[in-house]
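Engineer: We have chain A; now place chain B onto it with these hints.
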Amino acid sequence: MIEGLVIASLMLIGALTIRSCGIESRGLTLVLSVPVACAVIVLIGTTLIVLGIPIAVPPVLIGTSLGLLGLVTMRNRLNRSDVLFLSLAAAGGMLIAATVHGRALVQLTVDSFEYLTIGAILAEDGGVSVIPFDRLQRRGVAYPMLLSLGHLGNDYYLHSLAPVIAVSTIGLLVWLTWKALSGLRSTTRTVACAMGALLLVTNHRFVFNAWYLNSHMLFAAWLLAAIGLLWLHNAGRYRVSSGIVLVVLPALALLRPEAGLTALVAVVPALASDRFSERFKGLLIGTIGLAVVAWHVRIVLQAGGKAGIETWGMIGVGLLAVVVGGLLNARVVVIPQWTPAAGVAVLSLTVLVLAFWDGGIIRASIDATLQNQVGGAGLYGSSLIVLALLSLGVLGWRRFPGMQMFVVPLVAALPLGLLLAVLRGTAYRVGPGDSLNRMLFHWLPLAILAVVAAIDSQPSWRRMADRGKHKREVSTVSQTVSDEPRSLDSVADLET
Amino acid sequence: MHKDTSRFRDRGLIPGESGFGGRKAPASSTTAYGCPYRVLYSSALLSTYGAVESSTAMASLRRVGSRTHHSPSRFSCLMLIALVASVVVNVVQFPAIEEEGTRWYRATPAHESTELVEITADQTRTARHLYQFDVELDALTEDPVLVVSPESPLLSRYRIHIAVERIEISDRPMELSDDELAYLMERADVQGEDAQLGKYLIAVEDYETGYVYELMHDEMRVFVDEATLEAVR
Numbered sequence: 001m002i003e004g005l006v007i008a009s010l011m012l013i014g015a016l017t018i019r020s021c022g023i024e025s026r027g028l029t030l031v032l033s034v035p036v037a038c039a040v041i042v043l044i045g046t047t048l049i050v051l052g053i054p055i056a057v058p059p060v061l062i063g064t065s066l067g068l069l070g071l072v073t074m075r076n077r078l079n080r081s082d083v084l085f086l087s088l089a090a091a092g093g094m095l096i097a098a099t100v101h102g103r104a105l106v107q108l109t110v111d112s113f114e115y116l117t118i119g120a121i122l123a124e125d126g127g128v129s130v131i132p133f134d135r136l137q138r139r140g141v142a143y144p145m146l147l148s149l150g151h152l153g154n155d156y157y158l159h160s161l162a163p164v165i166a167v168s169t170i171g172l173l174v175w176l177t178w179k180a181l182s183g184l185r186s187t188t189r190t191v192a193c194a195m196g197a198l199l200l201v202t203n204h205r206f207v208f209n210a211w212y213l214n215s216h217m218l219f220a221a222w223l224l225a226a227i228g229l230l231w232l233h234n235a236g237r238y239r240v241s242s243g244i245v246l247v248v249l250p251a252l253a254l255l256r257p258e259a260g261l262t263a264l265v266a267v268v269p270a271l272a273s274d275r276f277s278e279r280f281k282g283l284l285i286g287t288i289g290l291a292v293v294a295w296h297v298r299i300v301l302q303a304g305g306k307a308g309i310e311t312w313g314m315i316g317v318g319l320l321a322v323v324v325g326g327l328l329n330a331r332v333v334v335i336p337q338w339t340p341a342a343g344v345a346v347l348s349l350t351v352l353v354l355a356f357w358d359g360g361i362i363r364a365s366i367d368a369t370l371q372n373q374v375g376g377a378g379l380y381g382s383s384l385i386v387l388a389l390l391s392l393g394v395l396g397w398r399r400f401p402g403m404q405m406f407v408v409p410l411v412a413a414l415p416l417g418l419l420l421a422v423l424r425g426t427a428y429r430v431g432p433g434d435s436l437n438r439m440l441f442h443w444l445p446l447a448i449l450a451v452v453a454a455i456d457s458q459p460s461w462r463r464m465a466d467r468g469k470h471k472r473e474v475s476t477v478s479q480t481v482s483d484e485p486r487s488l489d490s491v492a493d494l495e496t
Numbered sequence: 001m002h003k004d005t006s007r008f009r010d011r012g013l014i015p016g017e018s019g020f021g022g023r024k025a026p027a028s029s030t031t032a033y034g035c036p037y038r039v040l041y042s043s044a045l046l047s048t049y050g051a052v053e054s055s056t057a058m059a060s061l062r063r064v065g066s067r068t069h070h071s072p073s074r075f076s077c078l079m080l081i082a083l084v085a086s087v088v089v090n091v092v093q094f095p096a097i098e099e100e101g102t103r104w105y106r107a108t109p110a111h112e113s114t115e116l117v118e119i120t121a122d123q124t125r126t127a128r129h130l131y132q133f134d135v136e137l138d139a140l141t142e143d144p145v146l147v148v149s150p151e152s153p154l155l156s157r158y159r160i161h162i163a164v165e166r167i168e169i170s171d172r173p174m175e176l177s178d179d180e181l182a183y184l185m186e187r188a189d190v191q192g193e194d195a196q197l198g199k200y201l202i203a204v205e206d207y208e209t210g211y212v213y214e215l216m217h218d219e220m221r222v223f224v225d226e227a228t229l230e231a232v233r
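Respectively, the protein sequence lines represent chains A and B.
Taking the numbering used here, the leading residue of the first sequence gets 1, the next gets one more, and so forth.
Taking the numbering used here, the leading residue of the second sequence gets 1, the next gets one more, and so forth.
Just chain A, with the same shape it has in the complex (with noise of 0.2 Å):
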């Protein structure tokens, strides 16, 4: 019952704060409330956190939805059918809260315990002083955050929110597909969204990380929610409020040690695209890198002088990021559209240069990786190289608008993954419980999305031909450009 009440209170929280941030669509806050209410929740606490405010998390929920519930009201006032809408909605998270609490199968490895571990010391203790610096930095406490709502109702984790985040991951992507697939009669619309529904749903991990008390389901949500967005308003086809991603890529960039990393990769092709206001790109990059560099400091201040490269790396590439996104908001600088591609050349170049100067891990972790995703180690099947192939396969060989919000995140996850394993200085290893198996599944639902997207594309040689043609149609395109839908400015877009 009362787990069943907290996620009625994260749904409600999730749909004021997207409706707060100007969106109307009820489909799409039915299926991101959970998700932006635990973005809100991780960026509150954190925030209290490193501000070495001690907190316990009930009042951060209650105060956070009356806060909100206060912020709605008074600018948006509800009407009868909002409050319809939210009371049915609130409801069915009850319902799905007490069938899974009922069911209470559970997936736990020893990252679990560490997990439940620094989220019980939160919900009982509040701060974070107890906590070995290490810790923290391996472990942070967004996800464990989270967990200790279960401490309400006298459990020690919320059984229900990983099966929550995965049906909104699966609506989510249902939503995107959907509006991926504008263009399309209904028929093979429906068709579309439903395969790659069932791609997501039958895939062994997915269902392994709906019950798995860990943060990859989290994880992957937040990462297709933000770029699914921004990737459907910078191809034109939604247009999405700026306040949404703003919330959820931060707290993203808190919930592992190398997500900061993940949400600064993610963001570059945004970054270059004209369809995003400079004022908005400085704020999206500037965001992500406060939360990198607040969270790390606190680790450092925990360590008293033993914090590691690890930190003091993260602390120099979040500074990196706010500096860039002071000089992008003050429009200063430009980030000219040729970034995302040369970005990819470069982490893959610098891991090349690593696998030759001393491969040992890279290769070890190549190794790994091969026999977790070819070999069948990693319990994906052969699922994770027939995506790959495919998404690879429709993103290098066709064009849809905006694709560059996909190309760059998937193309990079490989590299990246390689370059963290350097970082940590410990290769990859063979089984499911390997940490870049485990994260691969983030991209999984993207990659999804990607996949079905292409169903409504062009070959890709149709744009040399075209740009041909561009010399000879100026006249045209600018009588069309009008046309376009506008560029995203973060206050423009909350007041819509």
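Be aware that one or more of the hints could be misleading.
[Said to hold, decoys possible] Over 10 Å on every C-beta distance to chain B, these chain A residues come out as not near it, computed from the model:
| id | residue |
| --- | --- |
| 1 | Leu69 |
| 2 | Met195 |
| 3 | Val207 |
| 4 | Glu310 |
| 5 | Arg363 |
| 6 | Gly376 |
| 7 | Leu379 |
| 8 | Ser382 |
| 9 | Ala454 |
| 10 | Asp456 |
[Claimed, not checked] Distance ranges between label pairs, derived from CB positions:
| id | chain 1 | residue 1 | chain 2 | residue 2 | range |
| --- | --- | --- | --- | --- | --- |
| 11 | A | Leu105 | B | Glu100 | 16 to 26 Å |
| 12 | A | Leu95 | B | Glu98 | 51 to 61 Å |
| 13 | B | Pro95 | A | Ala330 | 49 to 59 Å |
| 14 | A | Gly27 | B | Glu99 | 34 to 44 Å |
[As the list claims (entries may be wrong)] If you want a taste of the chain B side facing chain A, the calculated C-beta under 7 Å gives, among others:
| id | residue |
| --- | --- |
| 15 | Ser76 |
| 16 | Met79 |
| 17 | Ala82 |
| 18 | Leu83 |
| 19 | Ser86 |
| 20 | Val87 |
| 21 | Asn90 |
| 22 | Val91 |
| 23 | Gln93 |
| 24 | Phe94 |
| 25 | Ile97 |
No lab work stands behind these hints, which were simulated from the structure alone.
C-beta: ideal position from N, C-alpha, C; glycine also.
Structural biologist: Just chain B, lined up with the frame of chain A:
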């Protein structure tokens, strides 16, 4: 075979679209697909999913495509076939993966579990269960494991987890005093304040059902190896 791309232009997508190479793609009129690319895609995808591709499936999906506004044509059909085939592959492989490497655990508070009473009646057996539980979960065969029964003064959950990483297991049960526990925790590089934490969570596997029951108690007993035993004494 022609492809009408006016839908992109009508929606204002083509003119502002930024390609990966950074150039804007201009508006374009209706142009033919290139046959080589059709052949390439057909060959690649059909060879990958040769078992699934059939004239019936193809014809069926083409009928779906033919009802669209923009005649998605053969590529869209092939993509749909590829998606269906991928789903089929996932479904076919699922049971084998499930059997090979996944076990489901039931999260049941100890006081609600009658099976748990039987398990904890045999301390040594409990320890063995937990040992195998952790080893099997993460394949950390080199990492010794601890554990426990809900009978003696105990560590916090946090300390237990540290103990799981540091303390050697033994078949010999040993009940530790607070001082002895403090020594062990010091040996495990744990700060003294952590002893203030009062709750813990461990899991006990039930061989017969395959489930793991969560133990939520305030007391437990620790098993250690001979060397650690000597050090503590």
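Engineer: Run every hint past the structure and note whether it holds.
Structural biologist: Hints and how they fare:
With a least CB separation of 32 Å from chain B, leucine 69 of chain A remains clear of the 10 Å interface cut-off, as annotated. Its beta-carbon lying about 4 Å from the closest one in chain B, methionine 195 of chain A breaks the requirement of being farther than 10 Å from that chain. The beta carbon of valine 207 of chain A sits about 8 Å from the closest Cβ of chain B, which is not more than 10 Å, so the claim that it is off the interface is violated. Every Cβ of chain B is farther than 10 Å from the Cβ of glutamate 310 of chain A; the closest lies at roughly 19 Å, confirming the non-interface assignment.
For arginine 363 of chain A, the condition that its CB be more than 10 Å from all CB atoms of chain B holds, with the nearest at approximately 21 Å. The beta carbon of glycine 376 of chain A sits about 8 Å from the closest Cβ of chain B, which is not more than 10 Å, so the claim that it is off the interface is violated. For leucine 379 of chain A, the non-interface assignment is contradicted: its Cβ lies about 5 Å from the closest Cβ of chain B, within the 10 Å cut-off. With a least beta-carbon separation of about 6 Å from chain B, serine 382 of chain A fails to lie farther than 10 Å from that chain, contradicting its non-interface assignment.
The beta carbon of alanine 454 of chain A is not kept farther than 10 Å from every beta carbon of chain B, the shortest such distance being approximately 7 Å. Not every Cβ of chain B is farther than 10 Å from the Cβ of aspartate 456 of chain A; the closest lies at roughly 7 Å, contradicting the non-interface assignment. Checked against the given bound of 16 to 26 Å, the beta carbons of leucine 105 of chain A and glutamate 100 of chain B, roughly 18 Å apart, stay inside it. Between leucine 95 of chain A and glutamate 98 of chain B the Cβ separation comes to about 27 Å, which falls outside the hinted range of 51 to 61 Å.
With their beta carbons about 58 Å apart, proline 95 of chain B and alanine 330 of chain A fall inside the hinted range of 49 to 59 Å. For the pair glycine 27 of chain A and glutamate 99 of chain B, the beta carbons lie near 37 Å from each other, so the given range of 34 to 44 Å is met. About 5 Å separates the beta-carbon of serine 76 of chain B from the nearest beta-carbon of chain A, less than 7 Å, and the hint is met. The interface hint given for methionine 79 of chain B holds, since its Cβ lies 5 Å from the closest Cβ of chain A, which is under the 7 Å cut-off.
Contact between alanine 82 of chain B and chain A, as hinted, is supported at the beta carbon level, the nearest pair being about 6 Å apart and thus within 7 Å. Annotation: interface hint on leucine 83 of chain B holds; nearest CB of chain A at approximately 4 Å, less than 7 Å. A cut of 7 Å between beta carbons decides the hint on serine 86 of chain B: the least distance to chain A is about 5 Å, and the hint holds. Against a cut-off of 7 Å between C-beta atoms, the interface hint on valine 87 of chain B holds, since the closest Cβ of chain A lies about 5 Å away.
The criterion of a C-beta within 7 Å of any C-beta in chain A is met by asparagine 90 of chain B, whose closest approach is roughly 4 Å, and the hint holds. With 7 Å as the threshold, the beta carbon of valine 91 of chain B comes within range of chain A, its nearest partner Cβ sitting at about 5 Å, so the hint holds. Contact between glutamine 93 of chain B and chain A, as hinted, is supported at the beta carbon level, the nearest pair being about 4 Å apart and thus within 7 Å. The interface hint given for phenylalanine 94 of chain B is met, as the beta carbon of that residue sits about 5 Å from the closest beta carbon of chain A, less than 7 Å.
Residue-level restraint check for isoleucine 97 of chain B holds (minimum Cβ-Cβ distance to chain A is 4 Å; threshold 7 Å).
Going through the hint list in order, the structure does not satisfy hints 2, 3, 6, 7, 8, 9, 10 and 12.
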